[in-house]
Amino acid sequence: MFNLLSALRKQRLWDFPGGIHPPEMKSQSSNVPLRSVPLPDKLIIPLKQHLGPEGELRVAPGDNVLRGQPLTAGSGRTLPVHAPTSGTIAAITPHRTAHPSGLAELCVILLPDGKDQWVALKPLVDFQHSSSAQLLSRIHESGIAGLGGAGFPTAAKLGGGEHGVETLIINGAECEPYITADDRLMREHARDIVTGMAILHHMLRPRRLLLGIEDNKPAAIAVLKDALCEHPTGELRVIPTKYPSGGAKQLTKILTGKEVPVGQHSAAIGVVMLNVGTVYAIKRAVVDGEALTERVVTLTGEALARPGNVWARLGTPVSHLLAHAGFMPAAEPTVIMGGPLMGFTLPALDVPVVKISNCLLAPSVQELAPAEPEQSCIRCSRCADACPASLLPQQLYWFSRGQEHDKARQHHLFDCIECGACAYVCPSNIPLVHYYRQQKAEIRALDDDARRAAMAKARYEAKLARREREKQQRLAHHQQAAVKLDDAAAAATSLPDNTASMASSPQAAVAAAIARVKARRQAVQEAAGHPSQATPASPSVGVREESDNVTNAATSPIASDGTLTPAPDNLGTEASRTVSPVASGNRDMNDIGPRKAAQESTVLIDRVDAAPDCDENAASGDNVITLVTTTPRPEGNAAGGQRRDHRPAEGGTEPSRRDHNFV
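The opening residue of the sequence shown carries number 0 in numbering that gives the first Met the number 0; numbering runs sequentially from there.
Quick caveat, the hints were computed from the structure, so don't treat them as lab data. Owing to the predicted nature of the structure, the values given are computational and were not obtained by experimental measurement. A virtual CB, placed ideally from N, CA and C, is assigned to each residue, including glycine. Misleading hints may appear alongside valid ones.
Below 35 Å or equal to it, Euclidean Cα-Cα: the simulated DSBU-like pairs (lysine-lysine) are [said to hold, decoys possible]:
id: 1; residue 1: Lys-456; residue 2: Lys-241
id: 2; residue 1: Lys-25; residue 2: Lys-47
id: 3; residue 1: Lys-241; residue 2: Lys-439
id: 4; residue 1: Lys-114; residue 2: Lys-41
Restraint ranges, calculated between C-beta atoms of paired labels, are given here [said to hold, decoys possible]:
id: 5; residue 1: Gln-437; residue 2: Glu-460; range: 32 to 42 Å
id: 6; residue 1: Ala-59; residue 2: Asp-405; range: 45 to 55 Å
id: 7; residue 1: Arg-190; residue 2: Ser-26; range: 20 to 30 Å
id: 8; residue 1: Ala-461; residue 2: Pro-430; range: 37 to 47 Å
id: 9; residue 1: Gly-163; residue 2: Arg-468; range: 26 to 36 Å
id: 10; residue 1: Ala-89; residue 2: Ser-26; range: 34 to 44 Å
id: 11; residue 1: Pro-16; residue 2: Arg-190; range: 19 to 29 Å
id: 12; residue 1: His-200; residue 2: Ile-268; range: 15 to 25 Å
id: 13; residue 1: Ala-59; residue 2: Pro-22; range: 18 to 28 Å
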C-alpha cells in the first residue's frame, strides 16, 4: 500500500494559478517535416547571442573560416559564437539585430564559399567515461545557451547545479500559440533527445529526471515513449494544455508541487530545467562534436505560402527565411519574432536569426488585426485572475505609469514573466507587458547608475587611502634618513683629532700635509749636515698659478768638464707641471671636500719622498710651490767671485743635490 501511494504521489500533477487558453494555431506548421534552407549570400553573426557579455574576437576581416570555428572566445557567462558555414570574413561592423529597440550591435559579416566544410570535430562518443568537468567544458566551448528563449549559458546553469540537483526537468511544453519548433524536433529526433538526457543524467546525477510535454502533441508523446522504453533514462510527464505552462516556475510547480521563492530561480529548490532544443544541442556537441551553428525555427502565419519548421543557420537574415517560405507582404507588413503573446515586432527584415530565435510569425491583416486604442483601466481584476505569478497587474500598471520605481519593486515587478496573459484578457486594450518591460528597463538603468556611482566612490576612497599610505611611507623614509644622518654625525665625532680636524676644514688638512713634508725635509737635511736655508712656507695655500707672479729659480747643472751648463728654458715650465693641483691654486679649497684634499696631499707627499736629497730655496715674491735644481758652491766663492772646481777629490764623493723647494 505504501509503495502504491508513493507511486501515485510521484505521478501526481499540480496546477498553478491563473493562466489562459488562447487559440493554439499550431496546425499551420506542425504537420510539415523539418527542412533545410539554402545558404544566404551573407551571414550576419552578432557577437552577443546569449544572456551575458560578448566574447573576445578571434578573427579579422579577410580570414577564411570553417563551419564550427570559434569567432569569439570567453569563459563563464561569456559564450563563444561559431561560424555557421565555411567562408570569408568580409567585415566586422555594427549591424541592426533582433531587438525591439532596433539598435545596432557588433556583428561579423561572413560570405559563404558554398563548401560548408566543418572544422576538425572531436566527438566524445563514450561520454560515460568522461568527467562532468570535461562535459561542461565541451558544452561551453560549443556555445550552447538556452534555446527556449531566455538564452542563459547552459554550462553556467549546469555548473551551478552540479552539486545538489534533486530534479532535472526537460521542458517540452511549448505552450505559446503558433510555435511548433520543439514539437517537430521531438517527433524527428526523439532518440537524440533521450541521448542528451542520458548525458545530463551522467553529469548531474539527479534523483529524478522528468520530461514535461503538453497533451496537445500526441505524435511527439508517442515517439518519446518509445525512445524512453529503449533507454529508460527519465520519465515522461504529460500535462494539461494551458498557457503559460511552459514557464520555468509554472512547469516546476506542475511537476513537483514546489514554488520557486520570490526573487530566486528554480535552482534554489534543487531543480534544473532545460529546453528540449538545448538537450538536443548538448547531444550534438558531446557525441558528434558539433558546435551550435543552427537551430529549428518555426515559419508561420497566413502571409507565408509555405509555412513550416526549418533548420536555420545562425546569422541568416530574416528576409532570406521569409523568402524561402513564400512571404507575401502587405502594404505595411508585420513580422513578429517569437509568439503573438511574448514576441515583438521586428523593426526591419534584415536582422539575423540568433540562438534564441524560435519563431517568425508573419500574420495577415485578417489574422492579426491592428491594436485597438488604449482606454482607461476599469479595475475589473481580470488581469489579476489571469496572472500565473499571482501578482497585481493593475497596481504594477499604475506604478509604471507614475514612475514609482520603489513601489513597483516592492510589488514584485521582476517576478513578472511577461507572458502577456494580462494584456490578452484586458477589456481596455492596455498593453500591460509593454509598460512592465519599460519599467524594468528604467529600474535596471537606475540600478546600473547606482552601482557605477558606488564603484566610483569606492575607487575614490581607495585613491585617498593609497595617497595617505604613500604619504606615511615618505614620512617614515625621511625619518629613517634623518636617523642615519644623526648616526653618521655621531660616528664622525668619535674619529681621532687629526682626522676630525682634517674633516672639519680643507685648509687645515692641507696645512697639516705641508707641515709633515717640512718635518721630513728637515730631518733629511740634518742627517746630511746641511742646515736648511729655506724660507718658512706660508700656511696659506690659496695661490694663483700665473706666469707674471711665479719665480722659477733654477741652477744650471754641472757638465762633465766641471763647467756650468745653462739650464733649459723649459725647466720652470716642466717643474710647474709637477705641482699638485691643491698647491697650484687651480681650484678653491672650498670647492673640494676634506677627503679629496687629504688624498691630493698624500700624492704630494709621495712625490717628495720619491725625490733625491733636496734643498729648500725660497722663491721671490709669491707663495708658489716651485721645483728648483741647485748645485752647492764651495765656501769662499762669494768673496772670490770666481768659480772653483768643486768636483770631489780622488777617493771622495760629494754628490750634487737637487732639492724640491716648497714655499
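Structure-based check of each hint:
| no. | hint | result |
| --- | --- | --- |
| 1 | Lys-456 <-> Lys-241 | violated, 50 Å |
| 2 | Lys-25 <-> Lys-47 | holds, 30 Å |
| 3 | Lys-241 <-> Lys-439 | holds, 26 Å |
| 4 | Lys-114 <-> Lys-41 | holds, 14 Å |
| 5 | Gln-437 <-> Glu-460: 32 to 42 Å | holds, 35 Å |
| 6 | Ala-59 <-> Asp-405: 45 to 55 Å | holds, 48 Å |
| 7 | Arg-190 <-> Ser-26: 20 to 30 Å | holds, 25 Å |
| 8 | Ala-461 <-> Pro-430: 37 to 47 Å | holds, 46 Å |
| 9 | Gly-163 <-> Arg-468: 26 to 36 Å | violated, 43 Å |
| 10 | Ala-89 <-> Ser-26: 34 to 44 Å | holds, 41 Å |
| 11 | Pro-16 <-> Arg-190: 19 to 29 Å | violated, 37 Å |
| 12 | His-200 <-> Ile-268: 15 to 25 Å | holds, 19 Å |
| 13 | Ala-59 <-> Pro-22: 18 to 28 Å | violated, 50 Å |
Consistency with the previously given hints fails for numbers 1, 9, 11, 13, ordered from lowest to highest.
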